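Participant: Quick note on our numbering: the sequence shown kicks off at 1 and runs consecutively.
Take the hints with a grain of salt, since some may be wrong.
To be verified - Label-pair restraints from in silico Cβ distances:
1. Q70 - S4: 22 to 32 angstroms
2. R74 - G176: 34 to 44 angstroms
3. D122 - E13: 13 to 23 angstroms
No wet-lab data here; the hints were simulated from the structure.
None of these values were measured; they are calculated from a predicted model.
Cβ coordinates follow ideal geometry from the N, Cα and C atoms, glycine included.
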Amino acid sequence: MGASALALGGGGELAATAPDLVAARFPAPRRVLSDAAWNGGWREACAAANHLMCAAAIDSAAAHATYCRQILVRHHLPPDTPLQLTAAPVTGGGCCQQLVDGVRVTAYVSAGVRHNAVWAGDAAQYRERTEAEYVPLSPGTINAILCIDARLADAAFPHVFTVVAEAKGSLLRACGVRSCYSRRLATGTGTDSTTVIADPAAARAFSTASTHSELGMTIARTFRAALAEALRNDNLAPRHRTHATTAPAKTARSHHAF
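Based on the provided sequences and hints, a complete structural model is requested.
Facilitator: Set out below in structure tokens:
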């Protein structure tokens, strides 16, 4: 993200605190739904982070747990922080902010599609045989952190995941990104992760993130613009460059390249 931080609502900020970590930090707990590799699920947290991992340091479920705990300590993050892991440079991600009815929506996305792009439905790469089994996979992923400066109804959180998945698939198709495991156009990567953050103390509340709603439209456009920037920074792989990357939405309030 460079040396500067991006302001979030309620005194929060999004910043690259080191070359290997981008974090959203808040002075008071936020409601979070995440499928992050560490501390995923529902929770209240004062931070969420995306980390450029050292894959060689992890060879088991126990090593994975130890590694994630150490990363949070090293970067002075609370132990309950949702932590996304990636092999893509996190400071090469894209960021976009837009306003919906005076409410700020921020999307940060890191992307690597050279080795792990997948079409949802491609042949599986592994079968999970034991709980918490560690399975090494090809590097590269699309990680997103969405910060919404408003209260969200419980059902709206997973709806944001749906909007992100639809926007991601449509942009990858527009870019001509193909699966690394078949001849089909990719819908994502095999290790994508999304973290959605909302402010339980905000005055404005939303009951839905449907793409028919202004909030859903804004989330989709903000995420697409951030992902487009991240893909440009990743330069794609030569075999993927069959279409130009979609330009950021004209309604974007600001962009911040990480």
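Participant: Decide, hint by hint, whether the structure agrees.
Facilitator: Structure-based check of all given hints:
1. Q70 - S4: 22 to 32 angstroms: Holds, at about 27 angstroms.
2. R74 - G176: 34 to 44 angstroms: holds, 39 angstroms
3. D122 - E13: 13 to 23 angstroms: violated, 38 angstroms
In terms of the numbered hints stated before, the structure departs from hint 3 and from no other.
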